[in-house]
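From just these sequences and the hints, can you work out the full model?
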Amino acid sequence: MTFGNSKWPKPMLSILAKTPHLAAGDALFVYHKKTPVLLLPELEKQGLKYLFKTISPGNVNMLIYKS
5 MTFGNSKWPK PMLSILAKTP HLAAGDALFV YHKKTPVLLL PELEKQGLKY
55 LFKTISPGNV NMLIYKS
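In the working numbering, each residue's number is its place in the sequence shown (first place is 1) plus 4.
Keep in mind that the hints are not guaranteed to be accurate.
[To be verified] Now the in silico label distances, taken between C-beta atoms and shown as ranges:
no., residue 1, residue 2, range
1, ALA28, PRO61, 33 to 41 Å
2, SER60, ALA28, 26 to 34 Å
3, SER71, LYS11, 13 to 21 Å
[What the hints assert, rightly or not] Derived DSS-like pairs: lysine-lysine, alpha-carbon spacing no greater than 25 Å straight-line:
no., residue 1, residue 2
4, LYS53, LYS37
5, LYS14, LYS53
6, LYS70, LYS37
7, LYS22, LYS37
8, LYS22, LYS49
9, LYS37, LYS14
10, LYS49, LYS11
11, LYS38, LYS53
12, LYS38, LYS49
13, LYS70, LYS49
14, LYS38, LYS57
15, LYS53, LYS11
Source of the hints: derived by calculation from the structure; they are not laboratory data.
C-beta atoms are modelled at their ideal positions from N, C-alpha and C, and glycine is treated no differently.
Shown next as structure tokens:
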């Protein structure tokens, strides 16, 4: 998967590899260094919802789910 002329970062590819397997009511919890803003539109295209909370600089918790 590519974005523009650059490749997706590995953490985003890891997340995207798991999202197609989410069933309604399932969720994926992600520890991340920052809010992955490039990933958010892709999650929306897949019909997924997400919540995130910045715990501290360099520490973001993210919940990706299918309702």
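Here is what the structure says about each hint:
1. ALA28 / PRO61: 33 to 41 Å: This hint holds: roughly 34 Å between Cβ atoms.
2. SER60 / ALA28: 26 to 34 Å: holds (32 Å)
3. SER71 / LYS11: 13 to 21 Å: Between SER71 and LYS11, where Cβ atoms are some 30 Å apart, the hint is violated.
4. LYS53 / LYS37: Holds, at about 19 Å.
5. LYS14 / LYS53: At roughly 21 Å apart (the allowed maximum being 25 Å), LYS53 and LYS14 satisfy the hint.
6. LYS70 / LYS37: holds (23 Å)
7. LYS22 / LYS37: With a Cα-Cα distance of about 19 Å, the restraint between LYS22 and LYS37 holds, given a limit of 25 Å.
8. LYS22 / LYS49: Answer holds: LYS22 to LYS49 is near 15 Å, not above 25 Å.
9. LYS37 / LYS14: holds (13 Å)
10. LYS49 / LYS11: Holds, at roughly 19 Å.
11. LYS38 / LYS53: holds (18 Å)
12. LYS38 / LYS49: holds (21 Å)
13. LYS70 / LYS49: Holds, at about 12 Å.
14. LYS38 / LYS57: holds (10 Å)
15. LYS53 / LYS11: Judged against 25 Å, a Cα distance of about 23 Å means the pair holds.
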